[in-house]
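*Asks:* So the protein sequences, as listed, match chains F and V.
Numbering follows our numbering, in which position 108 of the first sequence is assigned residue number 108; successive positions increment by one, without gaps.
In our numbering, each number is its position in the second sequence, counted from 1, plus 229.
There could be a bad hint or two in this list.
[What the hints assert, rightly or not] Not the full set, but computed from the structure, chain V residues with beta-carbon under 8 angstroms of chain F:
#	residue
1	M230
2	K233
3	A409
4	A480
5	E541
6	L544
7	V548
8	A550
9	R551
10	P552
11	D554
12	R556
13	R557
14	Q624
15	P627
16	L631
[Said to hold, decoys possible] With beta-carbon atoms standing in for the labels, derived distance ranges:
#	chain 1	residue 1	chain 2	residue 2	range
17	F	A97	V	Q502	52 to 58 angstroms
18	V	F252	F	A97	55 to 61 angstroms
19	V	K590	F	A97	49 to 55 angstroms
20	V	V240	F	G42	41 to 47 angstroms
Worth flagging that the hints you see were computed from the coordinates, not collected in a lab.
Ideal Cβ placement from N, Cα and C applies to all residues, glycine included.
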Amino acid sequence: MIELLEIRKRFTGDAGAVIDALAGVSLRIERGEFVAIVGASGSGKSTLMNILGLLDQPTSGQYLFDGEDVAGLSVAEQARFRNKRVGFVFQSFHLLARTSALENVELPLLYSDRSSIDNLARRALDAVGLSDRVSHTPSQLSGGQQQRVAIARALVNEPDLLLADEPTGNLDAKAATEIMEIFRTLNASGRTVVLVTHDPTMARYAQRTVRLERGRIVADERAALQEVS
Amino acid sequence: MNTKRLVSQSVRAMARYKLRTAFMMLGSFIGVAALTLTMSVGQGVRAKMLVTIRQVLGDQSILVAGGGSRMMGSPRAGAARLTVDDIAAVAKDIPAIDGWDPQAELSGTSVRYGDVTATARITGQSERWSRVWGRGVSRGESFDAAAVASSARVALIGETVARTLFSDQDPIDAEIRIGAVPVRVVGILERFGNDMHGMDRDNEIIVPISTLMRRLTNADAINAAKLLVKDPALEEETAAEIKRVLRLRHALDKDQPDDFTVVTSLDAQKMMQMIQRVLVVYLPLVGGIALVVGGVVAATLMLASVNERTSEIGLRRAVGARPEDIRRQFVIETAAIIIVGALVGILLGYAGAQAVASRLKLDGAFSWTAVLVSLAAATIVGLLAGVLPARRAAQLHPADALR
Chain F
1 MIELLEIRKR FTGDAGAVID ALAGVSLRIE RGEFVAIVGA SGSGKSTLMN ILGLLDQPTS
61 GQYLFDGEDV AGLSVAEQAR FRNKRVGFVF QSFHLLARTS ALENVELPLL YSDRSSIDNL
121 ARRALDAVGL SDRVSHTPSQ LSGGQQQRVA IARALVNEPD LLLADEPTGN LDAKAATEIM
181 EIFRTLNASG RTVVLVTHDP TMARYAQRTV RLERGRIVAD ERAALQEVS
Chain V
230 MNTKRLVSQS VRAMARYKLR TAFMMLGSFI GVAALTLTMS VGQGVRAKML VTIRQVLGDQ
290 SILVAGGGSR MMGSPRAGAA RLTVDDIAAV AKDIPAIDGW DPQAELSGTS VRYGDVTATA
350 RITGQSERWS RVWGRGVSRG ESFDAAAVAS SARVALIGET VARTLFSDQD PIDAEIRIGA
410 VPVRVVGILE RFGNDMHGMD RDNEIIVPIS TLMRRLTNAD AINAAKLLVK DPALEEETAA
470 EIKRVLRLRH ALDKDQPDDF TVVTSLDAQK MMQMIQRVLV VYLPLVGGIA LVVGGVVAAT
530 LMLASVNERT SEIGLRRAVG ARPEDIRRQF VIETAAIIIV GALVGILLGY AGAQAVASRL
590 KLDGAFSWTA VLVSLAAATI VGLLAGVLPA RRAAQLHPAD ALR
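Chain F with its partners taken away, still in its complex shape (with noise of 0.2 angstroms):
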């Protein structure tokens, strides 16, 4: 599903330091795949994600998403392929402040060409355990259950790819382990997800773990089929 060839991206720091977060990344994932990708900070792993989820364009290189050449579309497509293709999900929720989880959630469905969004989020909420809470704002909700609803949002498009950089950076043991079996279970259910990481248990959940270093990958192993206590 996707291909990366050569990728590069480079920054200009302010003093004209020049430095490349990614030093030519090749990387193919297949559709169905859970991935983590992992490494220290500043190993170029949000920067990966960033150009996965065409947040960010990549320096030189070629980003192919099934097969099409994604890195070269125009803004409005490229906010298109986001709305439809990518799911993401954030360390920090990026939730709406003062607004109902329903209304968080519909987000990505008023940035489509959707009629009805009110049944769509409501089953997306329903998919992460959340049909109580539809009228709760994120200040009434615990961290696992807002990232609870953020996965809900990256959803609610049905998207063939989930993004969550650090999605568990921010939460307690016990709601990060419940949160990385949501992920585990949109999987099984044919969901491709990539995970951004740089905890080792969490990115056991994976069944491939691609560890960056200094832009670079340094391994790419695939999980013999393990058991996760």
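The hints should help you fit chain V onto chain F, whose structure is shown.
*Replies:* Then chain V, alone, in the frame of chain F:
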């Protein structure tokens, strides 16, 4: 995102940031309230003045008042030298004059019928008053030249006077007392309403001018006279003639100012235009400036809001908003806040205009023009105020905004 969804998102954002919304509304609220108030009152005052000027001057007439060079208002004290003879001489000398009526006044005199007392404005006029002032009697009849010649004790009373003194009795032929002088009511004046100064012109009694000057006041000066001109084109010329004749009769030297005032309907129109400019142009301009200042404040607050909402903007981009969607969201949000402020301002301005109108006894102090102009101005200011913050928001890089 379609416009309907955008507007509903804007309304939600207003509710989410209540304090900021309130501050952003303040400027447009005050500006539009001032705009609506001044335009409505201006319109009302203007309408009132137009009616009054027509009532007082008509289209082709000249008003001569005793006293100095004020265009309108009461004559200067101690300068009351205008006499009936002056006006008669003017009318005789100038062929363009078609008719005239002198007027002497006695204000606030008590009038009695039986044991009921009223206070009314008493004017003395000639038998030509009806034709010259364009007002008649609704019942009974007016007095004639013989009555004026003989200082007859007859009176025409306005409806307010009639109601106060007689309630539902018939006033015709009844005898009332003006001060100590008994006069007979011979007619009821046509209804007039309030004049420009808010004075009830139905609380008025007209008696023959000789009766007023000999029996009631014992004065020999009149307050004013109205002269009709045959042809409106001759008005200016005739006014100059009147001045010449009066200066001659009053034996004024070249360097002495007029001791009378001549007002033509043209003068009145000029004055109207001046007042109108103040009421309809300058006052709303003040409201407009307040609105513009409000717009600048709103734009600044919105810019601050964009900075605060960076992560919201990044998130919206991540879930599929185009830069265009973000831009429109902030333009519409800004405009919506300002327009809502304007709507509240229109209501307040309208309420204020009604309050002022009822104090000044104006009618029709409501102006659709004011409402439309206010709304249009607020919309333009709102859209402009939104442009800069919206552009800033749309230019944010999604990956940076989410950091």
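*Asks:* A separate judgement is required for each hint: does it hold in the structure or not?
*Replies:* Comparing the hints with the structure gives:
About 5 angstroms separates the beta-carbon of V:M230 from the nearest beta-carbon of chain F, less than 8 angstroms, and the hint is met. Because the closest C-beta pair between V:K233 and chain F is about 10 angstroms apart, greater than 8 angstroms, the hint is violated. Taking 8 angstroms as the C-beta contact cut-off toward chain F, the hint placing V:A409 at the interface is violated, the least distance being around 80 angstroms. Hint status for V:A480 relative to chain F: violated, with the closest Cβ pair at about 86 angstroms, above 8 angstroms.
A distance limit of 8 angstroms between C-beta atoms decides the matter here; for V:E541 the minimum to chain F is near 6 angstroms, and the interface restraint holds. Given the 8 angstroms rule on beta carbons, the hint for V:L544 holds: about 4 angstroms separates it from the nearest Cβ of chain F. The interface hint given for V:V548 holds, since its Cβ lies 4 angstroms from the closest Cβ of chain F, which is under the 8 angstroms cut-off. Given the 8 angstroms rule on beta carbons, the hint for V:A550 holds: about 5 angstroms separates it from the nearest Cβ of chain F.
With a least beta-carbon distance of about 4 angstroms to chain F, the hint placing V:R551 at the interface is held under the 8 angstroms criterion. The criterion of a C-beta within 8 angstroms of any C-beta in chain F is met by V:P552, whose closest approach is roughly 6 angstroms, and the hint holds. Because the closest C-beta pair between V:D554 and chain F is about 6 angstroms apart, less than 8 angstroms, the hint holds. The closest approach between the C-beta of V:R556 and any C-beta of chain F is roughly 12 angstroms, which is over the 8 angstroms cut-off, so the hint fails.
Annotation: V:R557 was flagged as interfacial toward chain F, and the flag is violated, the nearest CB pair being 12 angstroms apart, outside 8 angstroms. A hinted interface residue such as V:Q624 counts as satisfied when its beta carbon comes closer than 8 angstroms to some beta carbon of chain F; here the least separation is about 11 angstroms, so the hint is violated. Using the Cβ-Cβ criterion of 8 angstroms, the hint placing V:P627 at the interface with chain F is satisfied: the shortest such distance is roughly 5 angstroms. Contact between V:L631 and chain F, as hinted, is supported at the beta carbon level, the nearest pair being about 7 angstroms apart and thus within 8 angstroms.
Between F:A97 and V:Q502 the C-beta distance comes to about 56 angstroms, which sits within the given range of 52 to 58 angstroms. Evaluation of the 55 to 61 angstroms hint for V:F252 and F:A97 yields a failure: the beta carbon distance comes to about 19 angstroms. The hinted range of 49 to 55 angstroms is satisfied by V:K590 and F:A97, whose Cβ atoms lie roughly 53 angstroms apart. For V:V240 and F:G42, the Cβ-Cβ distance of about 43 angstroms falls inside the hinted range of 41 to 47 angstroms, so the restraint holds.
In the structure shown, a violation is registered for the earlier hints numbered 2, 3, 4, 12, 13, 14, 18, in ascending order.
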